[in-house]
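Asks: If you want this note's numbering, it's the position in the sequence shown, counting the first as 1, plus 5.
Just so you know, not all the hints are guaranteed correct.
[Stated by the list, open to error] Estimated spans, in silico, between C-beta atoms of each pair:
| hint | residue 1 | residue 2 | range |
| --- | --- | --- | --- |
| 1 | Thr120 | Ile30 | 35 to 43 Å |
| 2 | Gly96 | Ala14 | 44 to 52 Å |
| 3 | Thr119 | Leu33 | 40 to 48 Å |
| 4 | Met6 | Met37 | 17 to 25 Å |
| 5 | Tyr13 | Thr120 | 14 to 22 Å |
| 6 | Ile12 | Leu118 | 24 to 32 Å |
[What the hints assert, rightly or not] Using 25 Å as the maximum straight-line C-alpha spacing, the simulated SDA-like pairs for lysine to any residue come out as follows:
| hint | residue 1 | residue 2 |
| --- | --- | --- |
| 7 | Lys91 | Phe68 |
| 8 | Lys91 | Leu114 |
| 9 | Lys91 | Phe45 |
| 10 | Lys91 | Ala41 |
| 11 | Lys91 | Ala16 |
| 12 | Lys91 | Leu67 |
No lab work stands behind these hints: they were computed from the structure. Nothing here was measured: the structure is a model prediction, and the numbers come from that model. Here a beta-carbon is modelled for each residue, glycine too, at the ideal position from N, C-alpha and C.
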Amino acid sequence: MFLRSFIYAMAGWRSAIRTQRNFRIHLLVTVMVVLAGYYFSISRTEWCFVLLCIGLVLSAELFNSSIETMIDLIHPERHPLAGRVKDMAAGAVLITAIMAVIIGLIIFLPYLLTT
6 MFLRSFIYAM
16 AGWRSAIRTQ
26 RNFRIHLLVT
36 VMVVLAGYYF
46 SISRTEWCFV
56 LLCIGLVLSA
66 ELFNSSIETM
76 IDLIHPERHP
86 LAGRVKDMAA
96 GAVLITAIMA
106 VIIGLIIFLP
116 YLLTT
């Protein structure tokens, strides 16, 4: 039973990778940020912030995709309230991504300016 929950979670990741362009973009940025972290040998504390941001952005994108999929299932035709729900979920991802970029700049800009 416990192992099955991990299998379902991995199926959700695979589904998001296959069907959600923005999730794939976030994964690509994740790889680039992790490589930059290794290249610049960022500190343990900086790694904590970077990994926290990565987790938050990817989680927000998965929540957004889940909400959008559920809305499409419940209300396949266009509806103003359905659109509003989707827009709010996308807005949450945007806020998370903007904060991650700001934190990334705070961490990586000093390294970039000294090289």
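Asks: Indicate, hint by hint, whether the structure satisfies it.
Replies: Hint-by-hint comparison with the structure:
{"no.": "1", "hint": "Thr120 / Ile30: 35 to 43 Å", "result": "violated, 26 Å"}
{"no.": "2", "hint": "Gly96 / Ala14: 44 to 52 Å", "result": "violated, 25 Å"}
{"no.": "3", "hint": "Thr119 / Leu33: 40 to 48 Å", "result": "violated, 26 Å"}
{"no.": "4", "hint": "Met6 / Met37: 17 to 25 Å", "result": "violated, 37 Å"}
{"no.": "5", "hint": "Tyr13 / Thr120: 14 to 22 Å", "result": "violated, 44 Å"}
{"no.": "6", "hint": "Ile12 / Leu118: 24 to 32 Å", "result": "violated, 45 Å"}
{"no.": "7", "hint": "Lys91 / Phe68", "result": "holds, 11 Å"}
{"no.": "8", "hint": "Lys91 / Leu114", "result": "violated, 34 Å"}
{"no.": "9", "hint": "Lys91 / Phe45", "result": "violated, 38 Å"}
{"no.": "10", "hint": "Lys91 / Ala41", "result": "violated, 33 Å"}
{"no.": "11", "hint": "Lys91 / Ala16", "result": "holds, 23 Å"}
{"no.": "12", "hint": "Lys91 / Leu67", "result": "holds, 13 Å"}
Hint compliance for this structure: hints 1, 2, 3, 4, 5, 6, 8, 9 and 10 are broken, all remaining hints hold.
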